[in-house]
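J.: Please construct the entire structure, taking both the sequences and the accompanying hints into account.
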Amino acid sequence: MRILAHPVGATSRERSIIERGLQSFAASTCIRFHRRTNQRDFVNIQSRSGCYSFVGRQGNGQVVSLDRRGCVYHQIVQHELLHALGFNHEQTRSDRDQHVRLRFAFDKINSNNLGTPYDYNSVMQYGRYAFSSNRQPTIVPIPNSNVPIGRSTQMSPNDILRVNRLYRCRQELDEPTVMFGDIAVETGLQNADPCTSRGCKWVKYSDGNVYVPYVISNQYSSRERSIIERGLQSFAASTCIRFTRRTRQRDFVNIQSRSGCYSFVGRRGNGQVVSLARRGCVYHQIVQHELLHALGFNHEQTRSDRDQHVRILYQNVIQGQQHNFRKIATNNLGTPYDYNSVMHYGRYAFSRNRQPTIVPIPNSNVAIGRATQMSRNDILRINRLYRCRRSG
1 MRILAHPVGA
11 TSRERSIIER
21 GLQSFAASTC
31 IRFHRRTNQR
41 DFVNIQSRSG
51 CYSFVGRQGN
61 GQVVSLDRRG
71 CVYHQIVQHE
81 LLHALGFNHE
91 QTRSDRDQHV
101 RLRFAFDKIN
111 SNNLGTPYDY
121 NSVMQYGRYA
131 FSSNRQPTIV
141 PIPNSNVPIG
151 RSTQMSPNDI
161 LRVNRLYRCR
171 QELDEPTVMF
181 GDIAVETGLQ
191 NADPCTSRGC
201 KWVKYSDGNV
211 YVPYVISNQY
221 SSRERSIIER
231 GLQSFAASTC
241 IRFTRRTRQR
251 DFVNIQSRSG
261 CYSFVGRRGN
271 GQVVSLARRG
281 CVYHQIVQHE
291 LLHALGFNHE
301 QTRSDRDQHV
311 RILYQNVIQG
321 QQHNFRKIAT
331 NNLGTPYDYN
341 SVMHYGRYAF
351 SRNRQPTIVP
361 IPNSNVAIGR
371 ATQMSRNDIL
381 RINRLYRCRR
391 SG
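So for the sequence shown, UniProt numbering puts the first residue at 1; every next one is plus one.
No lab work stands behind these hints, which were simulated from the structure alone.
Treat each hint with caution, since some may be false.
Claimed, not checked - Each computed EDC-like pair below joins lysine to aspartate or glutamate, with the alpha-carbon atoms no more than 20 Å apart:
(1) Lys108 with Asp95
(2) Lys327 with Asp305
(3) Lys108 with Asp97
(4) Lys327 with Asp251
Predicted model only: the values in this text are computed from it and were never measured.
T.: This is the structure in structure tokens:
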């Protein structure tokens, strides 16, 4: 998809902000805003009175107004461009009455929600005091009225997913649903997932090693590829797992830069995606974390015995994200709960109010979620699950 953009009348700094907003779509969608030459239909970005845009393609030079007095900010640029691409405000969704209570006459639209949930973090969500005449809220989240809204500084994962679904971008045609923070599940789970007893482990060969073929997308720079390769090869130093470059194998790990950091759990067949987005995921510990998912392991705080070791403070969790803290009937492989596991979330994971969501017990001061590499228990679990000779 190519959209002609024609920003006019801006200073070099303002133009840079607008250009950054235009180009931000290319990183995670198939939308490509590019400079107009002689095309008939284009987006005409001007500084008029206020911030506004038509919804969808209107033909000829349709105005997107980014008033120099208050509209030239990254999130506002993205917001108005999303209108131009065909999207409405979050609080006008057809299902909005289940999620917000309105004290202003915001129209409700029979919207196509594209199979995505209501998103308080959407860049299209108005703030609590939008159009208020008396400094009282006009939009109140329900059932938890304290959920932050209208504070997004950039498109949310759901905003990106909707663009990709509406325009049927190739990278999203088979995009999975992501649960538990970074675990991909087919649309329709460290400690071994229950699936490992039903055939989702990778095959062990007669030489005692487990060979997992992989492909790395050419999206990455040489430095990023080096970090990913180091993460892949780190398993060979202390386990029988051998990540090897794919030749013709049917089943393999397909490492790509998609929307965020995620992986399926265990062997799924064919080319299963491990997403390591270039923006924020290409770090040694994250590479190991996602590969452990692909080998069949879940997050530490989802262990079947987690309630003896951590307390989950659901009152601090972002509304709609509570599912990320579900407990799973894991096979713990005779290993203890490990606060130092590379699979353990941090204290403030999915926090809505900068308060902890995971607190260790009985000692609440124990550090969690700070691992920079696999712990001894992470390694021991791999060796026990795959019956490596060095399992101990």
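J.: Hint by hint, say whether it matches the structure.
T.: Hints, verified against the model:
1. Lys108 with Asp95: 9 Å, holds
2. Lys327 with Asp305: Satisfied, since the Cα-Cα distance of roughly 9 Å is no more than 20 Å.
3. Lys108 with Asp97: OK: Lys108 and Asp97 at ~9 Å, within 20 Å.
4. Lys327 with Asp251: 29 Å, violated
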